[in-house]
Structures are given as C-alpha cells and as structure tokens.
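Visitor: So you can see what is in the structure, the chains are spelled out below.
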Amino acid sequence: MSETKDLPISPELLEILRCPLAVQSDKYGEDPGRLELVHGCWLVCADTGMKYPIRDGIPVMLIEEGEKWRDTPIEDLPVPPPPA
Amino acid sequence: MNKEKIMTQFGRSAEAYATSKVHAKGDSLTRLLTLTTPQPDWYVLDVATGAGHTAFTFAPYVAGVVATDLTPRMLQVTREQAVERGVTNLVVAQADAEALPFKSEVFHLVTCRIAAHHFGEIGRFLQESARVLRPHGYLAIVDNIVPGSRLRGKKARLQREAGQYINAFEKLRDPSHHRCLSLSEWEDAIAAAGFQLQHQETMTKQIEFSSWAARMHVSPKDQIRLKAMLLQAPEAVQQFLTPHITGDRITFQLTEAILVMQKP
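Residue numbers (the working numbering), protein chains in the order written: chain A, 6 to 89; chain B, 4 to 267.
Hints may be right or wrong, so weigh each one.
[As the list claims (entries may be wrong)] Pair by pair, the computed Cβ-Cβ distance ranges are: (1) Pro83(A) <-> Glu87(B): 27 to 33 Å; (2) Glu124(B) <-> Pro88(A): 25 to 31 Å; (3) Gln130(B) <-> Glu20(A): 21 to 27 Å; (4) Ala159(B) <-> Glu20(A): 48 to 54 Å.
Don't read these hints as lab results, they were simulated from the structure.
The structure displayed is predicted, hence computed values, not measured ones.
Beta carbons are placed, not taken as given, at the ideal position from N, Cα and C, and that holds for glycine.
Build out the structure end to end from the sequences listed, making use of the hints.
Guide: Next comes the structure, spelled out in structure tokens:
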C-alpha cells in the first residue's frame, strides 16, 4: 500500500476508495461508488457524479467537496484542483 | 458546524500534536497492539489519525495502513513523518469518520484513538466502521471518558452532572470537542451498532495544565476560567479529575477507556 513517485495515488488505495455518498445507497449494485482517476488529480464516481480532488497528493473524500464539483463536466475540472 | 471547528482547531495545532507526549507515547498505544494482535496480512484503517501515532504503531506489523483525518494539515504532518521514518505501507486520505469513503468489508481492523469525542454522531461512526470491516474484524477505540450512570437516584444524577461539567471544561479548552461518553454510554452504543464488546479497560493519565491548555492555544482569559473550573469543581468532578497544585504547577488526571469489539 505504498505511494509511488509516478502515480498521484497508490493503486491499492484507489482499489478500496469509494464515493462516501454512493456507499450509503443500495441502488448502485453490489459494489457502489467505484472511482475513476481523471486528469491525474480527480476521482470521479460514475454512480453519483461526485468528483473528489486529490490535493497535494491527498484525496479529499468529503461529501461536501464531491458535491461542489458534481455539476462540473469532467473536461472543465481545473488541473490542479484549486486550494480548499 | 463542528466539523469546521475541528479543521480550524487541528489545522493550527498539527505540529503540537506530532510532538505531544500524551498522544505519542501513551500507554494505550502499546495496549492496543497487545489487545488486537495484528497479523502480517491485515489491512488497518486508522480513523481521525491526527499526527498518525496509532497508524505508525501498527504499520510495522501489518500489510498496509490507511490513515484518515478531517484535517488536511494533520495528514500532511503524517505524510512528512512517514517519509522521515521510511514507512512505505501507510497512505492517507481526507475523510469524515461518519461517512467513510471505502468499499465495504475491506479492513481487518479499524482503530480510533483519542478522537471520538470530536464526532457529532458516535452511532454513525460505529455503523460505518462495521460496514468497512470484514466479518469478524475488530474495532479498537481509545477515548477519554467521563463519569455517568444508567441508574436512577441522587448518586447517579451527580455522576451524570459531573460528566456534563467535564465536557463543558473540555469544550472551553477546545471548541471542537463534542462530547466524551461515559463507559455505560459506550457499552450501549457498541451494542446498538451490532458489535460484540471483547475487552474494556480504563487507565488514568496525568495531565499538566499549562501544556494541556497551550496545545489548543487557549487565551489567557480562558486559562483563568479553566483553572477556576478545575479547582472549584463539585465534589464528584474533583474525585474524577483529582486536581493537585504544587507551587505554580497544576496537574489533574483524565481517564481513558480502551474498548475492543468484534463484528459478528
């Protein structure tokens, strides 16, 4: 579970991280809230549309943060994410 | 709103927590290791990791540790410490203890040390811990407790009032303090979340007033209020905190509970 210099997030962490909103719901199947890494610094949940920034190498997995970017199209997400 | 207070309070206190003797060298760290017997193939989640003391304690014994906190500054301190110590199996994520961002049933052990008194809803935290734990996984909690009682009658009422008084004392020192529970409240919350309590014990720790107040940047005016609250406390509170004055030095004791529970 180590972080590598080439990747913005450990692959093992990405494997178990989920959208904290989606995991509370039973309407997204058996493994809700899977996240996709986009632009190298955002984690996007296809189930809920929530988008979580990776700031200074730390994924910000707060519902209010994901909600803030929910309606922003993926192509318009700022790179790098702005400071909190 | 308490979550904003937590981020503000611990954002400016992060380094103080990295070097705090109470948080870094507490006996409860050793006890946690002994009681949970971590295994080399385990994945551990340390919730509200602070400066990462618990996460670093477990890292050498397990496959991986994920350390979460609500405060990004605390996580940066933890990452810096990981690099300094050469710890490579520890990763961090900013997360709310009451809405954990993890797949269900992935961790063998969840730990949470000296932090639950900041959580607004203990029940939500316990439910979320149960969700991310594998079947038969363990949740180990260390937190300060206050007097309390489930019983009726004057003595029980005085115990509950003492608990409220101590929580008010803690909240004046740290506005992000929500509430310490009594042991009986913990037992009820643990049972309600479906856990089986495997072990409980308490230990007292001596606190030196000045450094305790300084760690949270308490104003001189509030330090005077806190001293008055400590030294003029009702009898049931005095019995619990046992304040002592030696010259200019004021000490008292806090009581910590270690609770280890298992998911069915």
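Visitor: Hint numbers the structure violates, sorted upward?
Guide: none
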